[in-house]
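S.K.: Below, each chain spelled out in residue letters.
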Amino acid sequence: MTLLTRLSQITRDVTLSPKQKSNFLALEADSSLPYVEVSEPVRQAMDSGIIGDMFEGHAPFKPRYVLPDYAKYLHQGSEYLELSPAKDLDEALNSLAIIYHHVPSVTNIPVYLGQLDEVLLPFCQGLDTESLYRKLKLFWIMLDRTLPDAFMHVNIGPTDNIVCRTILRIDADLKQIAPNLTFMYDPQVTPDELLQIAASNICECSKPHIANFPMHAKAYDKKGFGIVSCYNSLPLAGGSNTLVRLNLKAVALKAADIADFFENTLPHYCQLTYELINARCKFLHQESNFFNSFLVKEGLIEESRFAPMFGIYGMAEAVNILRGHPELTESNSEKPSPYYGHDRAANELGHQISKALDAIIKSTPVDFGYNERALLHSQGGISLDKDVTPGVRIPYGTEPNPIAHIQALAEHHQYYTSGISDILTIDETIKSNPLAMFQLCKGALSLGFREFTANVASNDLVRITGYMIKLSDIEKFKENGSRTNTTGLGAEAAANTKILLRQPRVIAHELTPSYTD
Amino acid sequence: MTNIAVVNQIIPFSCVDGPGSRLVIFMQGCNYRCKSCHNPHTIDLCNNCGDCLPSCPTQALSLITSNNKPQVIWNEALCIQCDLCLSACPKQSSPKTQRYSVEQLLTQLRQQVRFLNGITISGGEASLQLPFIFELFSAIKADDELAHLTCMLDSNGSLSINGWKQLLPVLDGAMIDLKSWQQDTHRFITGRGNHRVINAIELLASKGKLHEVRLLHIPGISDFDTEITAVANHLKTLPKKVRIKLNAFQHHGVTGAALNWPTCSEAQIKQLATELTQHGVINIVLPSPYL
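As you go down the protein sequences, you meet chains G and C in turn. Residue numbers for the first sequence follow this note's numbering, so the first one is 818 and each next one is one higher. Residue numbers for the second sequence follow this note's numbering, so the first one is 217 and each next one is one higher.
The following block holds chain C by itself, in its conformation from the complex:
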């Protein structure tokens, strides 16, 4: 019971991360390198180099030595959220992370439990901190006051089947991103193949714990439209209640080469929805509002 989570941000009230109102914990760190990432500063962990310190206009960052190791400390009270430190970071990471114990998160949950239907762990890639998540979800299920909250995971699906099997007893549902259908395309966008993603979707579906599959449509880059038959055939095997959420690629937060990729218009996302529907896919959810 000594697990500590590295957290990028906690949103106390979200309507878009699973059913009902949810507290969402965005974990720091991801094993994908998506060119299209909308929050690239959640990918890498801070290496405590301290290069960000001079960028801070309010001296909210300091470098201390702890256990003979350097450590960047972020003082939230002084921070004005200007994000200059994110631009200064040579690793494109963030010094503004916080460490939470399970007990600290339980305390926060208890303070607002009456307003919540559940909790969602997102990221970064949440499943990289699996032992913490398992401990947190187990503790929620064992707490009389919190046990009714649903515990969900928002994931890129890269966790191994064994990992999913460990988590399943305390997991109520998962939202999985499918970034592309073809291996090459998936590897081009994320740096990794998608076998594990497909396996995760199938496993979760078979256990009734797949809440949503998310497709990020990047016109001319992702291949949901060119591989429409194969994609549709796969989605059609899923239980009817699984939401197929279409997301439209935008430039917000994106860095690097993907800024040269075209954004996805409302007409384009509707076109994809229409084609999926024509191929027999049901329960398609469009972006709302369209951003």
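Next comes chain G alone, as it looks inside the complex:
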């Protein structure tokens, strides 16, 4: 299809809103520019699907994820936005609603809305519980209706405070797709009773996702971090300049044997991944003029706090291929003993691969990174992926019981500083037993899970790689289109990855900002 035909088709699309059409037109324009300069081996690896840039565009003029320091912004006001410092909760919420429209990301919608309990608490003195509930509820509804993207992420916890509790209450009451929500848990700080409320919320609406606060905090400096989009952990007042991902399944297919994989193939393709990372960052940092933005001038972000995310996926297939068991299908999944997720040696090979990746990441400098390094990320898949499992997950439909599932994967979590999107699918009997969810979550975090994300089988709200969509919306979208940008991705993911045929319902998939008719 020629570019003009595609553009024309987008303008005439039956289901997209004018704004969604504008976004796709812009993406097409970006994709029609010459690609940032890369070597021939990198080009070949990209063309054959071994490494990829996640459709971020040919000329990266904005970072993938941006995490502004919202507390600082409310405290100092903004010269650029002509706002004085916020004096009360109404002003704070108004100022936040304004700046969200000026925070770019790969989806054009802010992926990080802030550590909202910490950010808003100073403005809540003297407010009674019901007033707070009403104000935050209106704010929550506004977010869902005006910034309708489930990649948009709010953080709360680990402290017990009134804003945190009120947000949990509102989120369970409204059961909206947006915003997505991460609850930080610190066993030294968070009362069990508060984690139990969060666990009950998961049973209600598959949110929040629970982050292992001490584990994340240890990876970053005092200025802290945030969880954004689908469970990416990144430096606060910074973010991710790009996400390049490596298909471990494709790498394994190039290797003669396990030794060849570790000694030659994996290091070679990591090297090419780094080349692509540096080429993309060079354009963003040196040619795009992004870092002249008011966000930098007013100190809300710092160029030195942006890190490239080194993403990997297809661990399950890579392990099975390297061990000579390449064909895991649903028909033989009843007895999956030699396979990744089930067999001890298979799981251990997976852990070794993660460890090898970690060693490469820690020893390889990048031109524009956090402490001159990229951050390793277990990538949650995109809607175009076929026959390759997201990140280090166990293939859909072959997952063992939740405890064995956690035990098989826990060892990986230490290595994936910028996030590891595992999703536990739990049958719906847990809905009437939130205590079981609580205990499973505590167990997972104590065993070294960086993040606990659960999806309850029958929930109308489901995760498709870490963002939320409503199952009922997938059907409706096919008919009418959706006001929610991510439902389109979900429908595509559902068709391509057999999500809806699978065991309990979850899936993974991040983002496919390219137009498909």
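Not one of these hints is a red herring.
Between beta-carbon pairs, the in silico distance windows are:
hint, chain 1, residue 1, chain 2, residue 2, range
1, C, SER271, G, GLU1165, 31 to 39 Å
2, C, LYS423, G, GLY1214, 42 to 50 Å
3, G, PRO1084, C, ILE220, 49 to 57 Å
4, G, GLY1141, C, GLY472, 44 to 52 Å
5, C, LYS381, G, GLY1214, 41 to 49 Å
6, G, ASN978, C, LYS423, 38 to 46 Å
7, C, LYS423, G, ASP905, 50 to 58 Å
8, G, GLU1165, C, LEU279, 34 to 42 Å
9, G, GLY1214, C, SER271, 25 to 33 Å
10, C, ILE220, G, LYS1035, 43 to 51 Å
11, C, ALA363, G, LYS1040, 40 to 48 Å
12, C, ALA363, G, LYS1179, 38 to 46 Å
Since the hints were made in silico from the structure, they are not lab data. Cβ coordinates follow ideal geometry from the N, Cα and C atoms, glycine included.
Given chain G, work out where chain C should sit, using these hints.
M.R.: Relative to the frame of chain G, chain C by itself:
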């Protein structure tokens, strides 16, 4: 300390067998013969006749001689869970049972204790292996790492009062099935009367160890609806915290004449719940999800 349990299955993570997340051990063997049984292959113990061997497509079953007696051996690694052996068994039993010592179960519990709120022994009829259960629960209570786990029993209530009294010091709670109210109906469904069941419910309730009473509603067969006043009056005497769990009869797993009995619809189970509520019964729990 030589007790060995005959176990049909262990489920490492269950949300429906007591409060919180639980490891559940399904014991082999039952003293009831419920026509409505959903897992009839847990009723009888294997008699090592070996008739199941030819049915196995993966040669997971073998017959050996141990202490001059025949013994069917099940190789779990080869088993593909096709259940053809269950169909072949002339006793409708299962060769796929395993024997566990208390120490083996403690080891398994230690491996997953961080994920658990407790352990539940179910069946079959768990209380038939009372000495083992007593030893296991006692060992859990005496183990620093495991002592916080609650120890519960899922039972048909047929254990004698003396048996319950032995178990009470190490039992945290029990879920008891009440299959029907009238003796004749109970005998028709299970092969036995229900005096012991009623006595067990009363004893456990008086000791604060009754977690749940379960009623399996079979429209036209069980008599909870026709005896609603008597049933409700009994349930109302129980402590408020006791859950009254209603289950709806389905054909899944059922064999024999009971396949001609009608299944219980969602509307019928809700109707029973409504009638119990009208008669003053509280804390009614409906099937979730409805299956």
